[in-house]
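Line by line, the protein sequences are chains X and Y.
Each step along the first sequence adds one to the number in numbering that gives the first Met the number 0, with nothing skipped, and position 32 is 31.
Each step along the second sequence adds one to the number in numbering that gives the first Met the number 0, with nothing skipped, and position 6 is 5.
Keep in mind that the hints were calculated from the coordinates and are not lab data.
From a predicted model like this one, the values you see are computed outputs, not experimental measurements.
One or more hints might be untrue.
A few chain Y residues facing chain X, derived, Cβ under 7 Å [said to hold, decoys possible]:
#1 Ala-29
#2 Glu-32
#3 Ala-33
#4 Leu-34
#5 Gln-41
#6 Cys-102
#7 Tyr-136
#8 Ala-265
#9 Gly-268
Think of the CB as a built atom: it goes at the ideal place given N, C-alpha and C, for glycine as much as any other residue.
2 protein chains.
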Amino acid sequence: MEGSWKGRSPMKVEEPLERIAAADRAAIEARLEALLTRLAGQHAGMAEAMRYSLLDGGKRLRPLLCLWTHDLWGGPWRDAALDAACALECVHTYSLIHDDLPCMDDDDLRRGRPSSHRRFGEATAVLAGDALLNLAYEVITTLPERHAIPPAVCLEAAAVLASAAGTAGLITGQALDLEASPRGDLARVERIHEHKTARLIAAAMEVGAVLAGASGEARARVSRSGLDAGRAFQIVDDLLDIEGSQEALGKTPGKDVNRGKLTYPAVVGREAARARAAELVAGSLEALPEARGTHLERLLRFVVERGF
Amino acid sequence: MEGSWKGRSPMKVEEPLERIAAADRAAIEARLEALLTRLAGQHAGMAEAMRYSLLDGGKRLRPLLCLWTHDLWGGPWRDAALDAACALECVHTYSLIHDDLPCMDDDDLRRGRPSSHRRFGEATAVLAGDALLNLAYEVITTLPERHAIPPAVCLEAAAVLASAAGTAGLITGQALDLEASPRGDLARVERIHEHKTARLIAAAMEVGAVLAGASGEARARVSRSGLDAGRAFQIVDDLLDIEGSQEALGKTPGKDVNRGKLTYPAVVGREAARARAAELVAGSLEALPEARGTHLERLLRFVVERGF
Numbered sequence: 000m001e002g003s004w005k006g007r008s009p010m011k012v013e014e015p016l017e018r019i020a021a022a023d024r025a026a027i028e029a030r031l032e033a034l035l036t037r038l039a040g041q042h043a044g045m046a047e048a049m050r051y052s053l054l055d056g057g058k059r060l061r062p063l064l065c066l067w068t069h070d071l072w073g074g075p076w077r078d079a080a081l082d083a084a085c086a087l088e089c090v091h092t093y094s095l096i097h098d099d100l101p102c103m104d105d106d107d108l109r110r111g112r113p114s115s116h117r118r119f120g121e122a123t124a125v126l127a128g129d130a131l132l133n134l135a136y137e138v139i140t141t142l143p144e145r146h147a148i149p150p151a152v153c154l155e156a157a158a159v160l161a162s163a164a165g166t167a168g169l170i171t172g173q174a175l176d177l178e179a180s181p182r183g184d185l186a187r188v189e190r191i192h193e194h195k196t197a198r199l200i201a202a203a204m205e206v207g208a209v210l211a212g213a214s215g216e217a218r219a220r221v222s223r224s225g226l227d228a229g230r231a232f233q234i235v236d237d238l239l240d241i242e243g244s245q246e247a248l249g250k251t252p253g254k255d256v257n258r259g260k261l262t263y264p265a266v267v268g269r270e271a272a273r274a275r276a277a278e279l280v281a282g283s284l285e286a287l288p289e290a291r292g293t294h295l296e297r298l299l300r301f302v303v304e305r306g307f
Numbered sequence: 000m001e002g003s004w005k006g007r008s009p010m011k012v013e014e015p016l017e018r019i020a021a022a023d024r025a026a027i028e029a030r031l032e033a034l035l036t037r038l039a040g041q042h043a044g045m046a047e048a049m050r051y052s053l054l055d056g057g058k059r060l061r062p063l064l065c066l067w068t069h070d071l072w073g074g075p076w077r078d079a080a081l082d083a084a085c086a087l088e089c090v091h092t093y094s095l096i097h098d099d100l101p102c103m104d105d106d107d108l109r110r111g112r113p114s115s116h117r118r119f120g121e122a123t124a125v126l127a128g129d130a131l132l133n134l135a136y137e138v139i140t141t142l143p144e145r146h147a148i149p150p151a152v153c154l155e156a157a158a159v160l161a162s163a164a165g166t167a168g169l170i171t172g173q174a175l176d177l178e179a180s181p182r183g184d185l186a187r188v189e190r191i192h193e194h195k196t197a198r199l200i201a202a203a204m205e206v207g208a209v210l211a212g213a214s215g216e217a218r219a220r221v222s223r224s225g226l227d228a229g230r231a232f233q234i235v236d237d238l239l240d241i242e243g244s245q246e247a248l249g250k251t252p253g254k255d256v257n258r259g260k261l262t263y264p265a266v267v268g269r270e271a272a273r274a275r276a277a278e279l280v281a282g283s284l285e286a287l288p289e290a291r292g293t294h295l296e297r298l299l300r301f302v303v304e305r306g307f
């Protein structure tokens with residue numbers, strides 16, 4: 000996908016985001032691989048299904064947001080932040096597997112390949128999703144066993160993740176999404192986007208900040224920044240569902256509209272949706288002046304330039 | 000169900016276990032109710048489905064094991080142990096909801112009522128299970144927000160729970176159970192029982208010990224005691240599946256045999272299975288001399304006298 004990570008200014012020669020991210024993406028995937036290898040002895044078939052969805056060439060947006068937000072403050076616990084970034088990806092991947100199930104969105108394709116239940120059957124897909132959600136907590140509650148990080152810091156990060164993955168976030172987002180009709184209003188679509196997408200993205204960034212020892216004031220700004228970026232991301236995702244091809248999306252395009260789902264462009268139109276996404280990313284950056292000129296700024300801008 | 004909690008010795012007048020447990024069961028259910036009420040504002044339908052399965056008259060074996068193991072050492076954190084006990088029940092309830100799904104064991108009845116997917120549909124049942132698994136971690140990672148408990152202790156308890164609920168426990172247990180044929184050997188049925196039942200029961204007791212500040216040596220004995228008790232519990236469950244009525248079981252009897260599942264009595268016979276369960280409970284008590292004469296001893300004996 001040449002050009003998908005291109006910088007925003009054609010006048011200035013910027014290093015491509017894909018190249019900037021390469022080392023950290025490789026580190027994230029090596030760590031995900033190591034976590035799965037530790038588990039493979041327990042049940043080979045389950046490990047295979049977990050690996051299939053977890054190591055499938057995703058862009059690793061949430062883990063990168065976690066790591067690069069951490070890097071705004073730095074500190075001695077970057078290896079712990081890398082593990083926590085993997086936990087974020089586990090939660091995200093679990094949510095995709097369960098959302099694709101026949102009783103949910105019934106999607107046959109995910110990132111250009113058969114979805115988990117198409118490949119392994121429904122029982123294994125449900126269990127692999129459960130296993131990945133739980134694995135996130137196995138990873139994040141054991142950080143002090145592998146890294147010199149205070150348990151209190153680790154527990155705070157775990158609590159941030161758990162809140163975003165629960166009924167205050169992902170669960171309610173999917174429940175609302177399932178019952179949405181295409182005739183909802185703006186408040187409703189914003190509530191869905193916030194729960195199903197924005198809160199986990201905000202949590203990814205907040206976990207990074209917590210593991211860098213950022214102050215409570217900074218954490219609050221990180222969370223606001225992440226919520227705006229997450230809202231922008233989901234608006235762009237809705238736009239891509241209308242405009243994108245299957246190859247670019249890696250999933251079936253037009254599904255939202257065909258299933259009568261409530262999307263942002265359906266409520267306000269495509270132009271207004273694009274403008275709103277750009278406005279949200281501007282707000283996201285404004286909340287976080289520490290990010291100016293960093294990789295994180297590039298990544299947050301990328302959210303609207305091209306959905307993952 | 001008069002008599003189901005009766006003591007083992009007809010010669011000695013013992014207070015019925017049901018009466019001994021009444022106050023703590025009421026406390027557990029009040030706490031579960033409070034946790035759900037805090038969540039109800041997020042999504043009413045999801046809260047209803049979570050409540051339906053969580054507050055359905057279960058015996059609360061795992062929470063009681065957690066609390067009463069805690070009480071062997073006592074200490075200032077019993078309120079935190081009560082919250083953790085609720086987290087254990089959330090994990091147990093999630094596993095029942097997902098195990099009952101059509102793509103898993105396809106069970107229409109649970110504790111004498113329609114199973115979650117029969118009552119609310121599959122999508123809601125999958126999500127309610129996900130929500131309860133996650134809720135367990137929301138509860139256990141936030142103990143220091145509600146109780147004066149050190150974060151390090153809380154994190155250790157969370158890690159014990161996460162390990163038992165993951166591929167080292169529940170997940171592999173259910174994966175093995177789904178693929179089992181009735182012709183497996185003893186090693187296989189013991190492996191299934193250990194993963195699908197014993198490790199969460201052992202975790203319930205170990206979490207109680209951790210939250211009482213028990214030593215590492217004591218924790219290891221608690222875990223061994225819990226594994227043996229859990230193995231005995233599952234053998235009795237297998238026996239009840241053959242011998243029990245639907246009213247006593249609260250679920251469809253004969254399902255294991257009809258589905259060609261590998262059960263303990265199918266491998267060694269009913270008499271040998273009964274003898275093995277009694278032997279395991281004796282071993283469970285031997286590993287934990289602190290429990291002699293306590294409510295916990297009564298509860299551990301109850302595991303073989305009558306499955307929950």
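Mind listing which of the numbered hints don't hold for this structure, in increasing order? Per hint list: 1, 2, 3, 4, 8, 9 violated.
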